[in-house]
Amino acid sequence: MATTSLVVDVPAAADTMWRAVTSPAGFRFVSRGLVRWPVVARRTEAWRQGETVRGWMFFFQILPVAFHTLTFERLDAATREFRTSEHGGIIRSWHHSITVEPTGENTCRIHDTVTYSAGLLTPFLALAVRTFYVIRRPRWIGLAQYVSRGGKL
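Per numbering that gives the first Met the number 0, residue 0 is the first one in the sequence shown, and the count goes up by one each step.
No lab work stands behind these hints, which were simulated from the structure alone.
In this text, a Cβ means the ideal position worked out from N, Cα and C, and glycines have one as well.
Honestly, I wouldn't trust all of these hints.
As the list claims (entries may be wrong) - Taking CB as the label site, the calculated pair distances span:
1. Asp-14 x Leu-120: 14 to 22 Å
2. Arg-53 x Thr-114: 19 to 27 Å
3. Glu-104 x Arg-53: 36 to 44 Å
4. Gly-88 x Thr-43: 32 to 40 Å
5. Leu-119 x Thr-43: 33 to 41 Å
6. Thr-114 x Gly-32: 19 to 27 Å
7. Glu-104 x Trp-55: 36 to 44 Å
Generate coordinates for the entire structure from the input sequences, incorporating the hints supplied.
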């Protein structure tokens, strides 16, 4: 197992950011160009706790990687906690947790952590995940700027 974490302060109210985090459009915003998941490409409704989503996932928009399964184990608006359990392809397990913590009236902190296993390929997956998280940091900030200005997801 390996763990990759990101903590980023963003310029949006916690409730506004929570709505973005729990929307498929928010997923598309922070993963665009890197990960494409056609099963959620046109989805507009928020994720639901207990829901399972399955479909082919593509890296860099075109490389089919795996048939991926994601289950939303926890979506708690009161604590602003998002937790999934996932697997597919080389990924034996992928546990993703996002929390949104208020730091001011119009600012918040996102804690974005994933713990994963890919057997002997875990070190290679870890490198890819760390690279993705370097790119993800400014995208969280960009998403916060967009929604705090009234942008619709």
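For the pair Gly-88 and Thr-43, does the Cβ-Cβ distance stay inside 32 to 40 Å? violated, 27 Å
Pairwise beta carbon distance, Glu-104 to Arg-53, judged against the given window 36 to 44 Å: At roughly 40 Å between Cβ atoms, Arg-53 and Glu-104 fall inside 36 to 44 Å, so the hint holds.
Evaluate the given range 14 to 22 Å for the C-beta pair formed by Asp-14 and Leu-120. violated, 39 Å
Should the hint that Leu-119 and Thr-43 are 33 to 41 Å apart at their CB atoms be regarded as holding? holds, 40 Å
Starting from the range 19 to 27 Å, see whether the pair Thr-114 and Gly-32 falls in it by beta-carbon distance. holds, 25 Å
Quick one: are Glu-104 and Trp-55 within 36 to 44 Å, going by C-beta? holds, 42 Å
Given the hint of 19 to 27 Å, is the C-beta distance from Arg-53 to Thr-114 inside that range or not? Because 21 Å falls inside the window, the suggested range holds.
Checked against the numbered hints given earlier, the structure breaks hints 1 and 4 and satisfies all the rest.
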